[in-house]
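Protein chains in written order, with UniProt numbering: chain E, 1 to 283; chain R, 1 to 283; chain P, 1 to 283; chain U, 1 to 283.
Any given hint could be a false lead.
Treat identical chains as interchangeable: a pair holds within one or across any two.
[What the hints assert, rightly or not] Using 30 Å as the maximum straight-line C-alpha spacing, the simulated DSS-like pairs for lysine-lysine come out as follows:
hint, residue 1, residue 2
1, Lys39, Lys95
2, Lys2, Lys63
3, Lys186, Lys269
4, Lys186, Lys113
5, Lys186, Lys271
6, Lys265, Lys95
7, Lys159, Lys147
8, Lys269, Lys113
9, Lys265, Lys251
10, Lys113, Lys251
11, Lys113, Lys202
12, Lys39, Lys113
13, Lys147, Lys202
14, Lys159, Lys186
15, Lys251, Lys186
16, Lys95, Lys251
17, Lys271, Lys2
18, Lys251, Lys2
19, Lys186, Lys278
Hints are computed from structural coordinates only; laboratory data are not their basis. Note that the structure is a prediction, hence the values are computed from the model and not measured.
Number of protein chains: 4
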Amino acid sequence: MKTTILIHCPDQSGIISAVTGFIHAKGGNIIYLDQHVAKQANVFFMRLESDFDDNTLNLEGFKNEFTTSLATPYQMQWSLHLDDVLPRMAIFVSKYNHCLYDLLSRYHSGELKAEIPFILSNHTDLAYIAEQFNIPFYHIPVTKTSKNEVEERQLELLKEHNVDFMVLARYMQIVGSRLIDEYPNKIINIHHSFLPAFAGAKPYHAAFERGVKIIGATSHYVTEELDAGPIIEQDVTAVSHTHTIQDFIAKGRDLEKIVLSRAVKLHVKRKTMVYNNKTVIFS
Amino acid sequence: MKTTILIHCPDQSGIISAVTGFIHAKGGNIIYLDQHVAKQANVFFMRLESDFDDNTLNLEGFKNEFTTSLATPYQMQWSLHLDDVLPRMAIFVSKYNHCLYDLLSRYHSGELKAEIPFILSNHTDLAYIAEQFNIPFYHIPVTKTSKNEVEERQLELLKEHNVDFMVLARYMQIVGSRLIDEYPNKIINIHHSFLPAFAGAKPYHAAFERGVKIIGATSHYVTEELDAGPIIEQDVTAVSHTHTIQDFIAKGRDLEKIVLSRAVKLHVKRKTMVYNNKTVIFS
Amino acid sequence: MKTTILIHCPDQSGIISAVTGFIHAKGGNIIYLDQHVAKQANVFFMRLESDFDDNTLNLEGFKNEFTTSLATPYQMQWSLHLDDVLPRMAIFVSKYNHCLYDLLSRYHSGELKAEIPFILSNHTDLAYIAEQFNIPFYHIPVTKTSKNEVEERQLELLKEHNVDFMVLARYMQIVGSRLIDEYPNKIINIHHSFLPAFAGAKPYHAAFERGVKIIGATSHYVTEELDAGPIIEQDVTAVSHTHTIQDFIAKGRDLEKIVLSRAVKLHVKRKTMVYNNKTVIFS
Amino acid sequence: MKTTILIHCPDQSGIISAVTGFIHAKGGNIIYLDQHVAKQANVFFMRLESDFDDNTLNLEGFKNEFTTSLATPYQMQWSLHLDDVLPRMAIFVSKYNHCLYDLLSRYHSGELKAEIPFILSNHTDLAYIAEQFNIPFYHIPVTKTSKNEVEERQLELLKEHNVDFMVLARYMQIVGSRLIDEYPNKIINIHHSFLPAFAGAKPYHAAFERGVKIIGATSHYVTEELDAGPIIEQDVTAVSHTHTIQDFIAKGRDLEKIVLSRAVKLHVKRKTMVYNNKTVIFS
Chain E
1 MKTTILIHCP
11 DQSGIISAVT
21 GFIHAKGGNI
31 IYLDQHVAKQ
41 ANVFFMRLES
51 DFDDNTLNLE
61 GFKNEFTTSL
71 ATPYQMQWSL
81 HLDDVLPRMA
91 IFVSKYNHCL
101 YDLLSRYHSG
111 ELKAEIPFIL
121 SNHTDLAYIA
131 EQFNIPFYHI
141 PVTKTSKNEV
151 EERQLELLKE
161 HNVDFMVLAR
171 YMQIVGSRLI
181 DEYPNKIINI
191 HHSFLPAFAG
201 AKPYHAAFER
211 GVKIIGATSH
221 YVTEELDAGP
231 IIEQDVTAVS
241 HTHTIQDFIA
251 KGRDLEKIVL
261 SRAVKLHVKR
271 KTMVYNNKTV
281 IFS
Chain R
1 MKTTILIHCP
11 DQSGIISAVT
21 GFIHAKGGNI
31 IYLDQHVAKQ
41 ANVFFMRLES
51 DFDDNTLNLE
61 GFKNEFTTSL
71 ATPYQMQWSL
81 HLDDVLPRMA
91 IFVSKYNHCL
101 YDLLSRYHSG
111 ELKAEIPFIL
121 SNHTDLAYIA
131 EQFNIPFYHI
141 PVTKTSKNEV
151 EERQLELLKE
161 HNVDFMVLAR
171 YMQIVGSRLI
181 DEYPNKIINI
191 HHSFLPAFAG
201 AKPYHAAFER
211 GVKIIGATSH
221 YVTEELDAGP
231 IIEQDVTAVS
241 HTHTIQDFIA
251 KGRDLEKIVL
261 SRAVKLHVKR
271 KTMVYNNKTV
281 IFS
Chain P
1 MKTTILIHCP
11 DQSGIISAVT
21 GFIHAKGGNI
31 IYLDQHVAKQ
41 ANVFFMRLES
51 DFDDNTLNLE
61 GFKNEFTTSL
71 ATPYQMQWSL
81 HLDDVLPRMA
91 IFVSKYNHCL
101 YDLLSRYHSG
111 ELKAEIPFIL
121 SNHTDLAYIA
131 EQFNIPFYHI
141 PVTKTSKNEV
151 EERQLELLKE
161 HNVDFMVLAR
171 YMQIVGSRLI
181 DEYPNKIINI
191 HHSFLPAFAG
201 AKPYHAAFER
211 GVKIIGATSH
221 YVTEELDAGP
231 IIEQDVTAVS
241 HTHTIQDFIA
251 KGRDLEKIVL
261 SRAVKLHVKR
271 KTMVYNNKTV
281 IFS
Chain U
1 MKTTILIHCP
11 DQSGIISAVT
21 GFIHAKGGNI
31 IYLDQHVAKQ
41 ANVFFMRLES
51 DFDDNTLNLE
61 GFKNEFTTSL
71 ATPYQMQWSL
81 HLDDVLPRMA
91 IFVSKYNHCL
101 YDLLSRYHSG
111 ELKAEIPFIL
121 SNHTDLAYIA
131 EQFNIPFYHI
141 PVTKTSKNEV
151 EERQLELLKE
161 HNVDFMVLAR
171 YMQIVGSRLI
181 DEYPNKIINI
191 HHSFLPAFAG
201 AKPYHAAFER
211 GVKIIGATSH
221 YVTEELDAGP
231 IIEQDVTAVS
241 HTHTIQDFIA
251 KGRDLEKIVL
261 SRAVKLHVKR
271 KTMVYNNKTV
281 IFS
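With these hints in hand, go ahead and build the complete structure from the sequences.
Shown next, in the form of structure tokens:
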């Protein structure tokens, strides 16, 4: 049984030794260990892939003992994931298809190891893609006055389908506070600029206007403040005076889909941890 | 005699044919022609390298005729440069030496084809480098109350040495308005972020705080508004949670010197044109 | 009527003036002019986008006069393309779908301005994609003994459909000499390494074995010598000791599709010229 | 007392737990732990930064016990480095100054934490730089017949100065077998191409001839086979048909110095391990 354990806690001497000793004592073989100390904040982070013999490991007992022996004394926040339980990911889209196609083709080829219980959109334009890939599609239109009901309906769907995290694949609506509260660091957005430059609407137009020589895309966890959540992944590409806004948009599409897919894959592999509105990425 | 001609004017049909026909009629051989139309603004830009027989070309006559036949009817702003007249470049520095060393080593190897009449600093820390390279060094300290005199003295030096353009190689003072007015699009700065992100002071600290995954550097012409002038060149490098602010600064130094040197070389080769606070770079 | 003219000829003084003067005299407005001189080989290249009044231009007359006045005296090889006549592109594939999907989604969105008369494969695996996009699909299996007939049948199809150029979107067969001869600089391949490193089979395995820190992809025109034709476009991505061969392959897929699509777009816009087994790319 | 321990051994269960438990038992605080398993070769690699109380640690006793308790049973190859003992680095150069300047300016600013007992060259051109930085300079000319004596003299100098590793900063001579044997994985070279492409002489000329769109530089450990040793670091930059061989060389210089300095810094921080002619880089 392969497991991934994520830990963060106040830094102090002896944590690595204590944790690895515990795993070893329980018959686990550590396959990979990543660790980081955020010096300024004095926080210790660890990600641990281990392999256990299925016949001998009592999962509940393991968790209880881990809590008593390690989590409580070291004040850890921690989680344990079984590698053969795939995370369940809902995709929110509007009208652009490039990010959706990219995610689904990686899903389809087995590169992106997640379940996709449904695709949700405020428009019907991309329903045909959901159909191509045989994934349920929900159309929840958004109007100025429907925001509360929309959020209610979204939450219902997420609960009903046991969704673990959401991907906003160029979903052109603001996500409501209740969703953000219920899914902290579990809503991944793609913004079409190298944040913090050009937050908000029409970043390619703003980049063109400013005359930058590089454009970018940023994938981040969604927080209350628009385009200000913890950054997971960024990438850029060169532009010049010869490019029109349309060229920026076309080049940007290639960035957006790659950057978003990279971020989603990191999340699915539990390689991201969040602290102080920043990410630790164990890549 | 090799020449470079830069032109910009309202776009209309027939300009290229008219200009190249004129050059040809004057016995010039066009070596390279670059051209661009900014569609939204309807502005035409051209850069033309030509070779003339030294014995037959009357330079004053050529300029007069160009004005009458082309510049006036097409409402051109234009300039003609002789390739063997090197532009005269003053370098302003404070205490950091990496950009200065980089520029001077390119100057010394012949890669950067400019004259350097002097280096100016508000500190004396880098005087030894000026001495190593045998270039006059002026120390003009800046205090809160001396700004006017400083600017006066700087202008005198620039005039006295027939300076064509200035490079702020991590000069940590605001350049005064009179200098900016007298040298429009002739003062090149390096800012240590991918503008417009992190304009102003301490960009690496701000980038660290924000948790970006990419840091950058931007070289631009100085205008009245801080860090908001036309961008000439930008580049970026990846960072991660493992990097401290000191690592950002060290990685940034490598970017700054390369980006600044690229921008200076483009300017020296007259490959930059400015319009609407943006650059056309004929690279 | 928008046109693109491509010219190459021995370099000499006055060509640009002669050509632009001719276009102007025929009532054409030059929209964009790109030009290059390969100094060592003394060859002049030009690409010219012009706009003509449809009512007054006699295309045959124009071509005849261009030949007499310019092409013959200057020994030009030249071609004229009407921008509203889309080039006809056949796609050859085997079993991998990522490049095919990428091309077709750009075709579908209007970003790739070409006709696609058919998709051809030596397998049937990707027939479903052709069906999704409503494009004819031909299955021509290849065996050791069928090579001649295969080539015969391919040529027939290409002729029958008036194909202008071919894209080998991870087509895992050697293309025959007759095709190469009949379509010189008109067969675009994607090779999954930064050529000339790792030419031939299994480049990701070879790259892994060698322990490189960067992998790449190269799009080039097909010539008789394997993976040795004129390079149109290359790109790379960083790898490390943490990546397996499977990771190399997954990262490589992202490179391959982007690099191939860029090359195809350059070809479709007639921005590529070939000389001495190298390309001039007017980007 | 800060220490860095490097370990590699056959992979098996329990190593991490055993090592971290040992360090903890000896009063050490593990600051950073990096680890990797090369699956195909079944080799385990670890790098461990630990902090010990200077008053209580008996270094010889620690080493003996580590050998008995861990190194012998786990068949480890291992080394322990004290962080305040700077490695001693000799620099070999010929006539190009860019890599030398870059290394020395990083050394001078404290970014490169090494001692530089001497600079050695087969020419006298760069003696002035050694003088600027106040570092002993040895001129050992190389002729066809002097190779044995040269190697003898080099070895003497290296021993005499207790050199830990060498950097070939564009040293244009083949290093002899005896040096390579005595300093395995301790001679760092910079090659001016993205290896394995363009190994050997004149790579920029070969790259120009081939018409590549990307050029690169590679830093690697020197082995008997020319340009075929374990790669530490690579980087690339875009080129186009507009660039001459001279442009390739100038762009390449910027790559070479940055890539070499990165590799040297990784080596100095003991972040490189070598196995099967490949590197593990704990960056």
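Hint by hint, here is what the structure shows:
no.: 1; hint: Lys39 <-> Lys95; result: between (43 Å within a copy, 28 Å between copies)
no.: 2; hint: Lys2 <-> Lys63; result: within (15 Å within a copy, 35 Å between copies)
no.: 3; hint: Lys186 <-> Lys269; result: within (13 Å within a copy, 37 Å between copies)
no.: 4; hint: Lys186 <-> Lys113; result: within (16 Å within a copy, 39 Å between copies)
no.: 5; hint: Lys186 <-> Lys271; result: within (13 Å within a copy, 34 Å between copies)
no.: 6; hint: Lys265 <-> Lys95; result: both (23 Å within a copy, 24 Å between copies)
no.: 7; hint: Lys159 <-> Lys147; result: within (18 Å within a copy, 57 Å between copies)
no.: 8; hint: Lys269 <-> Lys113; result: within (8 Å within a copy, 36 Å between copies)
no.: 9; hint: Lys265 <-> Lys251; result: both (22 Å within a copy, 12 Å between copies)
no.: 10; hint: Lys113 <-> Lys251; result: both (27 Å within a copy, 16 Å between copies)
no.: 11; hint: Lys113 <-> Lys202; result: between (32 Å within a copy, 25 Å between copies)
no.: 12; hint: Lys39 <-> Lys113; result: between (33 Å within a copy, 21 Å between copies)
no.: 13; hint: Lys147 <-> Lys202; result: within (22 Å within a copy, 40 Å between copies)
no.: 14; hint: Lys159 <-> Lys186; result: within (14 Å within a copy, 54 Å between copies)
no.: 15; hint: Lys251 <-> Lys186; result: both (28 Å within a copy, 25 Å between copies)
no.: 16; hint: Lys95 <-> Lys251; result: both (18 Å within a copy, 27 Å between copies)
no.: 17; hint: Lys271 <-> Lys2; result: both (15 Å within a copy, 29 Å between copies)
no.: 18; hint: Lys251 <-> Lys2; result: between (40 Å within a copy, 25 Å between copies)
no.: 19; hint: Lys186 <-> Lys278; result: within (14 Å within a copy, 38 Å between copies)
The structure shown violates none of the earlier numbered hints.
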